[in-house]
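**Q** Residues per chain are reported as follows:
There are 2 protein chains.
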Amino acid sequence: MVMVDQAKPVMRSYLAATPDFASGKATPRQFLDRSLELLDEWEPRIGAFVCTSLPAARAAADRSAERWRAGKPLSPIDGMPIGIKDIIETVDMPTEMGSPLFAGWRSEKDAASVRALRDAGCVIVGKTVTTEFAAFHPRGTRNPWNTAHTPGGSSSGSAAAVGAGVLSAALGTQVIGSTIRPASFCGAFGFKPSVNGLNREGSHDYQSQSCTGVLAASLEDAWQVAYEIVARVGGDAGTPGLQGPDKMPPAAKPRRLAVLETAGWDAAPVGAKQQLNECVGRLNWAGIEIRTRQNDDTVAALESELLNAAELSHRCNGWETRWFFRSMRERDADKLSPAIRERSQKYENLTLAEHRADLKERDRVRAVHAALAATCDACITLSALGGAPAGLTATGNPEFAVPASLLGVPALSLPLFEVDAMPLGLQVIGFRDRDADAFAAAAWLVSQLK
Amino acid sequence: MVMVDQAKPVMRSYLAATPDFASGKATPRQFLDRSLELLDEWEPRIGAFVCTSLPAARAAADRSAERWRAGKPLSPIDGMPIGIKDIIETVDMPTEMGSPLFAGWRSEKDAASVRALRDAGCVIVGKTVTTEFAAFHPRGTRNPWNTAHTPGGSSSGSAAAVGAGVLSAALGTQVIGSTIRPASFCGAFGFKPSVNGLNREGSHDYQSQSCTGVLAASLEDAWQVAYEIVARVGGDAGTPGLQGPDKMPPAAKPRRLAVLETAGWDAAPVGAKQQLNECVGRLNWAGIEIRTRQNDDTVAALESELLNAAELSHRCNGWETRWFFRSMRERDADKLSPAIRERSQKYENLTLAEHRADLKERDRVRAVHAALAATCDACITLSALGGAPAGLTATGNPEFAVPASLLGVPALSLPLFEVDAMPLGLQVIGFRDRDADAFAAAAWLVSQLK
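Just so you know, the protein sequences line up as chains A and B, in that order.
Plus 14 on top of the position in the first sequence (first one is 1) and you've got the working numbering.
Plus 14 on top of the position in the second sequence (first one is 1) and you've got the working numbering.
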């Protein structure tokens, strides 16, 4: 039986609540208790969690409350209830990767990002559902806006739990569309950083264009989670990591924005395009110069380079993961979904030389995009083709999220649109290692368009 | 009771044996059986293995024999008995990382490098001893040249097993001196590739200057193992990986070599310096131009930049691992060695800004070294201060291996010297991503100096 929820879900920003913790009017434990009420209410309907660790979470929230009381929180998000995508290791819970092959498997350690969040005082509520190995095969999570619809993937549980207001933030990952798409579908804010921006050690989404990202109830919550990670464990080893201030940069009005109509654009429903067009009209009216392929050759060049983005991304990922899936097929092919069994064999014949050529080609496309920084502050487009489609057997089209993944640049999904009573995100695509600028532009867009 | 072995250990190249497999005169199974005889003979004395997988190894060798018989080996090293440093994951054996905290722990998957070796037909004999978390604390392995002496570390078991002739090759890793030093101490060939050269996914030696490397019975064996890995799983995701031909490049006489006297040089025993000096004299006599700080300003500049190499390396590693060791201390500090408990706290107060400055400083030193490529074909120096010191409580001074680690460049240890009846390596240090050139020069040096 499928039920359509009556009231729209309401997200719960943690940063918005913390002034009351500082003043003593409320406590992180109370915030968590409300999360757990919402968990009881929502979880049977949306199935966002693989497992939870509630006694430990309550104890952590109590410790956080003491720190706030003493005026010594470990970070601005000390006490934040947070979820960890089940592709990322946790010392106190299994990491099952959405696969029966890893049922009950324990890493016996925290991933770098998880350890950082603990050290920032965050309250780890549980592991959120990922599709099988953070790829396509869904594992039953439902969309809080309409439980007959997919939440998107692969960060399905993170997006559903944040969208439902159960969690203020959750870690996700993205190599194709796994953070931006579910954020869009569940009405959450989504942030995929520049590649290497957040330390991925202990995450099993580890292809060359994979990123650990954040699903959150507000832009501020998303930035703070990312910042507290990078401040403690940096980006991927040997890289400078996410750059930016210790609080979200203030809103900054962009001067010029490029509107991207990338592969799949023609298939987007009229209602979705209309919303973007209206939004672009308002931005233009507000004095922002709008660049498109009609009036900007660089935009046109970038769009045509990106036509092949999905295939190139899949080939890169395919090379990088085929040895792993070969092992998994040998271990027990019956425990793999037919889809992954088939698709993981697609790139078996790629040679090292071909893979190297793909990496070079990706660098070339990245350079085409980087040139756009001379004339634009950011690109905008839809986060997904439209609202979350009905059905739970697939996670929806990721095509609009692919360009930022291929380019290795920051992307944000802002829950500003609605199509057929389902949320849809405005996607802001920034420039490599200028994540803070993307947030500043996004903050301005939210303030104007909300 | 300490026993001094009478006969010098003899290494066993696999590639040298394969012509007999092709002709049908011998089989990989016979080669393995000899390995297992030597294992029985040596293992009680040297303790190179954490665990073995002998029935599977015999079965794999039998399958390899069938392929050779059919004229269809999977690679030139199909059937090679190989060991895997126990910091690298294996699906069929635990990965204990030299720590009681991971006693019996199973990754339930192969590391990329291990999977590649299996696909190349290699016979995985067992997991070789690593120091605690591939750092300093030794785990009891002894040197096959004199069991009262350390084999070096952290790739202790890999070096000892190859040095003793039990294995033709074994995987090691290096972030400071963990491949070059034990290779030198055990009289094996050691190869630390350019950084990112061999895919490290599933290796828990994962700092930014860590490399998966090879200990081997010959240069040819070392190259082939590395090549078969990169051909199948590439370098670290998103990098081109080790570059070079599918067989070891032919020996090439260098025109100019720089002799490096880096930090610690003054402490090297006279006998060790004498051997290097004699070797340099022979090379000069053979017509190779020798550059030193006395006659080359770039060499002098590089040497002074490298005076700080150990401290800078330790600071980079310290930032990159502190979150992990913090977790391990919390899990059970009593299961950590006192040394690692103490040293892992040394860099707790480093800030992200300081770490970023360290990474920039490392890049600056790397550029100074890269400039040397204009005038030199490679650098040479000792692989270690001297022969393996007596005692098993420490793994010896790694200082001479640090420069190549910091620089992220290929390094080879060639077992050409002996000091006080213990082996000592000539170290060849190449240029970044020109690993094949380093092998060509090393092959020439071996042919001339052996």
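Please keep in mind that the hints were generated in silico from the structure rather than gathered at the bench.
Be a bit skeptical, because a hint or two may be false.
Label-pair restraints from in silico Cβ distances [what the hints assert, rightly or not]:
id	chain 1	residue 1	chain 2	residue 2	range
1	A	R343	B	P114	30 to 38 angstroms
2	A	R343	B	Q288	53 to 61 angstroms
3	B	K267	A	R355	48 to 56 angstroms
4	B	S461	A	T389	56 to 64 angstroms
Don't be surprised by glycine CBs; every beta carbon is placed ideally from N, CA and C.
**Q** Next step is simple, just say for each hint if it's right about the structure.
**A** Verification of the hints:
1. R343/A to P114/B: 30 to 38 angstroms: holds, 34 angstroms
2. R343/A to Q288/B: 53 to 61 angstroms: holds, 57 angstroms
3. K267/B to R355/A: 48 to 56 angstroms: holds, 52 angstroms
4. S461/B to T389/A: 56 to 64 angstroms: Once the Cβ atoms are compared, 59 angstroms apart, the range 56 to 64 angstroms for T389/A and S461/B holds.
Going through the hint list in order, the structure satisfies each hint without exception.
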